[in-house]
Amino acid sequence: MFIAGFGPFTAQPGPEGESIWSPPAAISSSLFDDPVEVNVLLPEGRSADSALIATVLGDMDHYLLLGLRFLHTELIADPASFGSTPAGVRRFERFDPTTFPVDRPQLNFYDSIEWLLRFVEGGLPICEPYGVAVVFVNHEPVRVEDLHDSTSI
Numbered sequence: 304m305f306i307a308g309f310g311p312f313t314a315q316p317g318p319e320g321e322s323i324w325s326p327p328a329a330i331s332s333s334l335f336d337d338p339v340e341v342n343v344l345l346p347e348g349r350s351a352d353s354a355l356i357a358t359v360l361g362d363m364d365h366y367l368l369l370g371l372r373f374l375h376t377e378l379i380a381d382p383a384s385f386g387s388t389p390a391g392v393r394r395f396e397r398f399d400p401t402t403f404p405v406d407r408p409q410l411n412f413y414d415s416i417e418w419l420l421r422f423v424e425g426g427l428p429i430c431e432p433y434g435v436a437v438v439f440v441n442h443e444p445v446r447v448e449d450l451h452d453s454t455s456i
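With the working numbering applied, the sequence shown corresponds to residues 304 to 456, in that order.
These are computed hints drawn from the structure, not numbers from a lab.
Nothing here was measured: the structure is a model prediction, and the numbers come from that model.
Among the hints, erroneous ones may be present.
Said to hold, decoys possible - Using C-beta positions, here's what the derived DEER-type ranges look like:
no.: 1; residue 1: His365; residue 2: Glu396; range: 36 to 44 Å
no.: 2; residue 1: Asp399; residue 2: Thr313; range: 32 to 40 Å
no.: 3; residue 1: Pro389; residue 2: Ser415; range: 30 to 38 Å
no.: 4; residue 1: Gly310; residue 2: Glu396; range: 36 to 44 Å
no.: 5; residue 1: Pro346; residue 2: Arg393; range: 42 to 50 Å
no.: 6; residue 1: Leu334; residue 2: Glu417; range: 41 to 49 Å
no.: 7; residue 1: Ala329; residue 2: Leu368; range: 16 to 24 Å
no.: 8; residue 1: Gly361; residue 2: Thr401; range: 21 to 29 Å
no.: 9; residue 1: Val445; residue 2: Gly320; range: 36 to 44 Å
Think of the CB as a built atom: it goes at the ideal place given N, C-alpha and C, for glycine as much as any other residue.
Construct the complete structure from the given sequences, taking the supplied hints into account.
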């Protein structure tokens, strides 16, 4: 798999016969200290939308901010869905991406227009044990996904 601007991705065996494709070099963000992990999970013989992946990776901070802002909006609107209370989220009322309690972003693309921005770690109850994800359809965040029932890959 080749992604314009990023080169050939390398495949590793994944779960259930899928392949996990990764970029040749770490991809950085100005918003987080560590590089952003990027994975493309594909069943045998399927392909991903390479133009979508190139666009997202080429404007990484924009999509990270979109995801953070979406998480913030959902947290303030419905603290219980994050395992918190209105009093517990009061300190996050003002959006500040540098202090919002999620970390270690990971981008997971598939053979569709839906992809995940997963925050592997975080200080909210919903983040235990596998983090929290923002589901995007193409370029728009559409929902928060609670990963507590997921299995580790």
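Do the hints match the structure? See the list:
1. One distance hint, 36 to 44 Å for the beta-carbon pair His365 and Glu396, is violated here, with the actual separation near 23 Å.
2. About 36 Å separates the C-beta atoms of Asp399 and Thr313, a value consistent with the hinted range of 32 to 40 Å.
3. Take Pro389 and Ser415: their Cβ atoms lie about 36 Å apart, and the range 30 to 38 Å holds.
4. For the pair Gly310 and Glu396, the beta carbons lie near 42 Å from each other, so the given range of 36 to 44 Å is met.
5. Between Pro346 and Arg393 the C-beta distance comes to about 44 Å, which sits within the given range of 42 to 50 Å.
6. Checking the proposed 41 to 49 Å range against Leu334 and Glu417 shows it is violated: the Cβ atoms sit about 23 Å from each other.
7. Checked against the hint of 16 to 24 Å, the C-beta distance between Ala329 and Leu368 comes to roughly 20 Å, which is consistent with it.
8. Taking the beta carbon of each, Gly361 and Thr401 are about 23 Å apart, inside 21 to 29 Å as hinted.
9. Checked against the hint of 36 to 44 Å, the C-beta distance between Val445 and Gly320 comes to roughly 28 Å, which is inconsistent with it.
Hints 1, 6 and 9 from the earlier list are contradicted by this structure; the remaining hints agree with it.
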